[in-house]
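Visitor: Residue numbers (full-length UniProt numbering), protein chains in the order written: chain A, 1 to 373; chain B, 1 to 119.
It is worth saying that the hints were derived from the structure and are not from the lab. There's no promise every hint is true.
Unchecked claim - Cβ-Cβ distance ranges computed for the label pairs, FRET-style:
#, chain 1, residue 1, chain 2, residue 2, range
1, A, S256, B, V62, 17 to 27 Å
2, A, L224, B, R101, 55 to 65 Å
3, A, R317, B, T118, 39 to 49 Å
4, A, D291, B, D83, 40 to 50 Å
5, A, E227, B, V43, 40 to 50 Å
6, A, R317, B, V62, 17 to 27 Å
7, B, E116, A, G169, 46 to 56 Å
8, B, E79, A, A364, 25 to 35 Å
9, B, A90, A, E227, 27 to 37 Å
10, A, K273, B, A52, 24 to 34 Å
Quantities reported herein were computed from a predicted structural model and do not represent experimental measurements. Ideal Cβ placement from N, Cα and C applies to all residues, glycine included.
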Amino acid sequence: MTADAPQPASPLLHVHGEAGAQLIDFAGWQMPVRYGSDLAEHQAVRERAGLFDLSHMAELRVSGPDAGAFLDHALAGRISAIEPWQAKYSLLLAEHGGIVDDLIVYRVDESGAAPEYLVVANASNRHAALDALSARVAGFDASVVDETEQTGLVAVQGPVAAAIVGAIGLESEPLEGLRYYRALPAVFEGEDVLVARTGYTGEDGFELYIAAHATESLWRAIVLAGEEHGLALCGLAARDTLRLEAGMPLYGNELSLDVLPAQVGLGRVVALKTKGDFVGRAAVEAGPADDAPVLVALTAEGRRAPRAGYPVLDDGRPVGRVTSGALSPTLGHPIAMALVEPASAGSDALTVDVRGTQLPATVAQLPFYKREA
Amino acid sequence: MSETKYTADHEWIRIEGDVATIGITDYAQSALGDVVFVDLPGVGRSFAAGEAIGEIESTKSVGELIVPAAGEVVEVNDEVAGDPTLVNSAAEGAGWLVKVRFTEEPELLDEAAYRELTA
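Based on the sequences and whatever the hints tell you, model everything.
Guide: Listed below in structure tokens is the structure:
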């Protein structure tokens with residue numbers, strides 16, 4: 001991006017300033033990394049609730065009679081099969097099978113109306129996703145419109161999230177009936193809101209999409225309703241440790257153009273059996289090379305965190321690298337995801353090179369943390 | 001108590017007699033975020049100027065304790081090793097990290113120069 005290109009900004013930027021947030025540049029957006037203690041923010045989401053500004057995420061609206069068929073062609077999942085107000089996690093693959101982005105697709109039309117989808121992509125992949133979808137729509141009676149900067153997105157996550165979102169005065173069907181990975185249309189102070197039971201923390205929670213100009217009012221209503229529930233404002237640092245504990249991959253860490261879905265445990269996301277051709281299909285069918293690295297979960301003892309990029313060794317021999325790691329705030333011990341040679345994926349002799357010290361690591365199952373049902 | 005001086009590596013240093021107390025600055029702890037682990041050197045360890053003799057790990061990153069001149073460690077703060085959050089709550093006080101005896105004169109910044117650096 002050139003220096004004089006306009007920088008996008010969250011509609012909540014000045015609200016974060018008032019709240020004393022520490023901001024970082026994230027894909028050109030100034031976003032809160034923490035408001036105070038990121039450990040306290042993490043704990044609030046596990047025990048009560050946290051409020052996140054995710055307005056940097058990219059919203060791409062896909063509509064038209066062929067919208068479903070187009071997304072079946074452009075994405076790895078069978079998007080045409082999802083019902084109105086259902087959400088689906090999917091992948092945007094390159095022709096060679098590498099991952100351009102991971103995203104969530106919401107179907108947002110009433111039954112009987114023309115199909116319409118909201119495709120939510122990572123902020124860092126906004127342009128890559130938009131470019132790919134815009135190129136792939138050729139030949140379909142459908143359109144792709146980037147609504148990122150007209151859309152605010154806030155997430156309320158945690159065991160008491162439903163009580164808080166239920167108390168802000170939304171006009172909608174009762175939230176109690178809203179299942180995981182479903183959404184419903186609502187109205188807040190006269191503005192349309194898409195209320196989705198989705199998230200990236202491993203807790204129950206909601207993501208609310210609203211017009212950018214109405215986002216501040218929604219945010220303040222959530223803060224007010226959250227006071228009696230111990231709601232914490234949360235930054236991207238807590239979001240990262242929460243998603244890591246929940247075993248959720250992050251684009252740029254676990255996912256990239258260099259890995260095929262099967263390498264990172266996302267083979268199930270690719271609909272090889274239920275739909276015809278789509279971009280990346282041939283490469284996914286051919287599969288990754290026999291020696292292509294695979295994603296493993298690692299745990300360790302002590303307090304030293306394996307961090308992204310640190311080498312992983314098997315009996316002293318380098319076999320891969322850490323993609324994400326942290327001292328788990330909830331579990332109290334180090335956790336990590338790593339891409340390693342397949343022959344080492346079950347090894348009991350793995351170590352992580354933590355700045356010259358070999359930290360013994362045990363292969364574990366994802367997720368590291370699972371909330372009680 | 002002597003005047004507090006600073007380094008460009010975001011440490012504060014107070015020299016009393018021939019012993020210097022070193023910690024990381026409030027600015028540094030704020031940039032690191034919640035400190036979850038502190039790795040300090042052993043007493044008696046000698047070091048060269050510019051050497052990293054300890055690590056301060058937060059949830060998001062790792063900071064190094066870099067000494068501005070050669071010397072030897074004479075005391076470490078066991079309390080902060082047991083409770084690393086002291087680095088956040090009292091970076092320039094109870095969250096001190098090591099006491100050292102320099103064998104050469106360190107070049108340090110005064111408060112005004114350090115504030116300018118972090119402005």
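Visitor: Each hint needs a verdict: does it hold in this structure or not?
Guide: A quick look at each hint next to the structure:
1. The beta-carbon spacing between A:S256 and B:V62, approximately 23 Å, falls within the hinted interval of 17 to 27 Å.
2. Distance hint for A:L224 and B:R101: a CB-CB separation of about 56 Å, consistent with the stated range 55 to 65 Å.
3. A C-beta distance of roughly 43 Å is found between A:R317 and B:T118, which places it inside the suggested range of 39 to 49 Å.
4. In this structure the hint that A:D291 and B:D83 lie 40 to 50 Å apart at CB holds, the actual value being about 46 Å.
5. Hint check: A:E227 to B:V43, Cβ distance near 49 Å, so the stated range 40 to 50 Å holds.
6. The hinted window of 17 to 27 Å between A:R317 and B:V62 holds, with their beta carbons roughly 25 Å apart.
7. Between B:E116 and A:G169 the CB atoms are about 49 Å apart, so this pair conforms to the stated range of 46 to 56 Å.
8. For B:E79 and A:A364, the hinted distance range of 25 to 35 Å is satisfied, since their beta carbons lie about 33 Å from each other.
9. For the pair B:A90 and A:E227, the supplied restraint of 27 to 37 Å holds, since their beta-carbon distance comes to about 29 Å.
10. A beta carbon spacing of about 54 Å between A:K273 and B:A52 contradicts the range 24 to 34 Å that was offered as a hint.
In terms of the numbered hints stated before, the structure departs from hint 10 and from no other.
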